[in-house]
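Q: Single-letter residue listing:
Protein chains: 4
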Amino acid sequence: MTGLAEARAAIIAAGQRLDHLGWVPATAGNISVRLGDGSIAITRSGGHKGFLSDDGVIRVGLDGVPLREGDRPSAETGLHCGIYRRFAAAGAVLHGHSVPVTVLSRRLAGSIRLEGYELLKAFPGLATHQAAVALPVFENDQDIARLQDAVETRWAEEATIPPGYLLRGHGIYVWGADMPQALMRLEAVEFMLRCELEARRLS
Amino acid sequence: MTGLAEARAAIIAAGQRLDHLGWVPATAGNISVRLGDGSIAITRSGGHKGFLSDDGVIRVGLDGVPLREGDRPSAETGLHCGIYRRFAAAGAVLHGHSVPVTVLSRRLAGSIRLEGYELLKAFPGLATHQAAVALPVFENDQDIARLQDAVETRWAEEATIPPGYLLRGHGIYVWGADMPQALMRLEAVEFMLRCELEARRLS
Amino acid sequence: MTGLAEARAAIIAAGQRLDHLGWVPATAGNISVRLGDGSIAITRSGGHKGFLSDDGVIRVGLDGVPLREGDRPSAETGLHCGIYRRFAAAGAVLHGHSVPVTVLSRRLAGSIRLEGYELLKAFPGLATHQAAVALPVFENDQDIARLQDAVETRWAEEATIPPGYLLRGHGIYVWGADMPQALMRLEAVEFMLRCELEARRLS
Amino acid sequence: MTGLAEARAAIIAAGQRLDHLGWVPATAGNISVRLGDGSIAITRSGGHKGFLSDDGVIRVGLDGVPLREGDRPSAETGLHCGIYRRFAAAGAVLHGHSVPVTVLSRRLAGSIRLEGYELLKAFPGLATHQAAVALPVFENDQDIARLQDAVETRWAEEATIPPGYLLRGHGIYVWGADMPQALMRLEAVEFMLRCELEARRLS
Chain V
1 MTGLAEARAA IIAAGQRLDH LGWVPATAGN ISVRLGDGSI AITRSGGHKG FLSDDGVIRV
61 GLDGVPLREG DRPSAETGLH CGIYRRFAAA GAVLHGHSVP VTVLSRRLAG SIRLEGYELL
121 KAFPGLATHQ AAVALPVFEN DQDIARLQDA VETRWAEEAT IPPGYLLRGH GIYVWGADMP
181 QALMRLEAVE FMLRCELEAR RLS
Chain S
1001 MTGLAEARAA IIAAGQRLDH LGWVPATAGN ISVRLGDGSI AITRSGGHKG FLSDDGVIRV
1061 GLDGVPLREG DRPSAETGLH CGIYRRFAAA GAVLHGHSVP VTVLSRRLAG SIRLEGYELL
1121 KAFPGLATHQ AAVALPVFEN DQDIARLQDA VETRWAEEAT IPPGYLLRGH GIYVWGADMP
1181 QALMRLEAVE FMLRCELEAR RLS
Chain A
2001 MTGLAEARAA IIAAGQRLDH LGWVPATAGN ISVRLGDGSI AITRSGGHKG FLSDDGVIRV
2061 GLDGVPLREG DRPSAETGLH CGIYRRFAAA GAVLHGHSVP VTVLSRRLAG SIRLEGYELL
2121 KAFPGLATHQ AAVALPVFEN DQDIARLQDA VETRWAEEAT IPPGYLLRGH GIYVWGADMP
2181 QALMRLEAVE FMLRCELEAR RLS
Chain R
3001 MTGLAEARAA IIAAGQRLDH LGWVPATAGN ISVRLGDGSI AITRSGGHKG FLSDDGVIRV
3061 GLDGVPLREG DRPSAETGLH CGIYRRFAAA GAVLHGHSVP VTVLSRRLAG SIRLEGYELL
3121 KAFPGLATHQ AAVALPVFEN DQDIARLQDA VETRWAEEAT IPPGYLLRGH GIYVWGADMP
3181 QALMRLEAVE FMLRCELEAR RLS
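Protein chains in written order, with the working numbering: chain V, 1 to 203; chain S, 1001 to 1203; chain A, 2001 to 2203; chain R, 3001 to 3203.
Source of the hints: derived by calculation from the structure; they are not laboratory data. Given the structure is predicted, the values throughout are model-derived calculations rather than measurements. Even for Gly, the Cβ is constructed at its ideal location relative to N, Cα and C. Treat the hints with care, since some could be wrong.
[Stated by the list, open to error] Among chain A residues calculated to face chain V with C-beta under 8 Å, some are:
| id | residue |
| --- | --- |
| 1 | Q2016 |
| 2 | A2028 |
| 3 | H2097 |
| 4 | T2102 |
| 5 | R2154 |
| 6 | I2161 |
| 7 | P2162 |
| 8 | G2171 |
[Stated by the list, open to error] Here chain V is said to cover these stretches of chain S; the calculated rule only asks that three of the stretch's residues, wherever they fall, bring their Cβ under 8 Å from a Cβ of chain V:
| id | region |
| --- | --- |
| 9 | 1117–1123 |
| 10 | 1150–1158 |
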C-alpha cells in the first residue's frame, strides 16, 4: 500500500531523473502515483518538475477533483485519472516532453511503429524483439476532457493497448505498475524514439 | 523587494543551471536581476557564467552605469537595461548561447516562427498551442547602443512583443517577471528551437 | 586476485558510469567481472544497471549456472561466459545499448569497419591509427545459446578477433583484462561509432 | 609563479571538466601547465584524464624529457613542449577529442574556417565577430617529432597564428596564458565546431 509520503518521495525523485534526462523542460510534464486508498498523488499545476518539493505534490480523487479545497492539480490531471480508471494495474503515470517525441509526433499521424528493437521487451506481452508496437499519436487539445474521450475511443478499438501514447507537438504519456516500471518503460520508449529520429536523418 | 544578496544568489544559481544545459560556453552569456531600489544586479564582464562568485555580480543604474566606480559590467549591459526600461514588469534577463540559437539565427533573417508547440504556452497571452510566436532575429553588432536602437525600433513596430529575441550568430535574450519565469521561458524557447533544428535535418 | 566485494564495487561503479553516459537505458545492459576463484560476478536479471546495489550482483560458474540456488542472472549470461571461456585474459565484460550502436547495427550487415581514428589504438595489436578494425555485427536472437554459437563460429573464422561485437538493434559487447580496460575500450568504440553516425548525416 | 601543487590541482580539475563535456573519452587527451621554474607539469601516459590523481601528473623539461627517471609522460608531450617553446606567453595547453573535431577534421583539409560567430572574440586580436579564424588541420602522425616539425613549418608561414590546431581524425590542441584562458578558448572553439557540424547537416 503506497502512502502519501512514499508517493511524494517517488514523484520528487522521478522529477529529478526526468530533468536530468532533459524531459521536463520549463514547467512541462507531470507525474502521478496511485495511493493505497485509491486516491492519486499528482504534481501541482505549474512549477518545474525537476525541482519539486513536498508541497508540489497534491492528492486528487479518481475523478480528478482535488481532495483539499484550493489545490490546483496539473492541467492534465484528467489524462492521468483516465489511465488509472481504465487500467486497474496502473500504479504510476509519467508525462514528459522530449525532442524526439515532439519532432516525430509532428511528422507522423495516427501512430508511431517501433519494431526490431531489443528494448521492445519493456512492453507487456512482448518477450522478443521480433514483435512490433504501435504507439498512438493523438492531436493535441487544450480541452482535456475531449482529449481523454479521443484516447478512450482509440483504446476501445485496439485489441492490445500499449502502455503509452503521444500527443502531437506536446509530449508522451507512459504508465506502469509502479514508479520503477513506469520510469523503465519511459526510458525504453524514449531510447527507441531517439533511434527512430537518428535513423530518419541518415543519408 | 529583491535585495542584492538574494539577486546574487539567484544569478549564481542561474549561471550554474545554464552551464549544466550548455548555454554559457567560454565566457559567453550574461544574467541580470532588477533590484527593489530600481538598480540592476548584473554579471561582471568576462568570467565563466557557470562558475560565478559573489564578486562576479555588480550593480548598475537603469542607464547601465556601474554604481561603484571601477566596476566593469557585462559588455551587453545596454541590452539588459533596454529591456528593463521598456518593460516595467521585467524582473530578470537571461542571455545565453546555444547551438540551435546560433545555427538557426545564421540561416534565418528577420524572425524565427514557432507554432504548434505545447510549450508556446510559456509565452504571455498564449493559452493554447494553436497560436504562433515570431521571435525577432537581429544582426549582431559590437556597438551595443546601436544594437539597442535596432531592437527598440522593432519593438515599436510590433503589436505584440514576445519576451525574447535572437542575435545572429551570437545568442538569445529572454526575460520574465522574475528569475524562475525567465529560466522557464528560456528553457521553453531553447527546447522548441532544438526541435526546429532537428526537424530541418530530417529526410 | 579479484574477490567478490571488489568485483561488486567495480560493477556498481561501472553501472553508474554507463548510466551517466546514457548506455544502460531502462533495464538494458549487463556487466560482469571474472573472480580470482574462476567464477563470474554478474548483474542480476532485470533492474536498472545505473542504480545497482550489492545484491544486484550475483555469482555464476563459467557455465553460467548460478552458484546460489534461486539467483537469476542476466538473461545474457551465456554471452559473458562465452567470452570468459574463449579469452583467458578477459577479466571484465560490458554490455550496453547506445543510440549509435542501435542505429548503425540496424543498417549494416556483417561488420562495422572503423579506420583512421586515433582511438583505434585502444584495440590490442594496433599501435597506430592507420589500421582498421572490423567489429562483427550479429543478428539478434533471444536463444542465447544459439547466439553464442554464431559468435563462436565467427571467432573461429577470424585471424584477429577484436575485443567486441554488436547485436543488431540490440547493443554492444566489449571486454578487457579488467574493468578499467573494458570501460576504456567501450568508451573508445562508442566515441568512434558516434563519429560514424555523425559522418553519415552530413550533406 | 605556478608551483607543482597548484598546477596539479588545475590539471585534475580541467580533466574533470573535459570529461564532463565528453572531450576525453577512454584515455584520450592530455593536459599541461608551465611551472614557475620553466618546467612543464603534464599528464602521465595512459589513464583516464577525467579521473586523474596527483600521481597522474608528472614534470618534464621544455625538451620533453621527464625530470624524474622512469616517469612516462603523455605520448604527445612533444606537441605541448613545442607550444611552450614557440609561445612564451603560453601557460597551459589542452588536448581533447570531441566528435565535431574528429568528424570535421576527417572531411576538411588544410584548415577549418570559422567566421561570423560572436565567440570568435575568444581569439587574441579579434575584438569583433566580423573577422575569421582559420584553424590549421594537420595529418595525424604517430611520429610526434615529425608532426611537431609540420606544425612549426606551418607556424612559420602564417602572419597570425591562432592559439589552436586540429589533428585529422584525432583531436584538437588549444593553449592560453593560463588554465582558465585555455579552457575558455577550448570551450569557444568546440562550441563553434559543433555549430559547423550542425549547419552541415541541414537540408
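Q: Among all the numbered hints in the text so far, which are the ones the structure does not match?
A: Going through the list in order, the structure violates hints 1, 5, 6, 7, 10 and respects the others.
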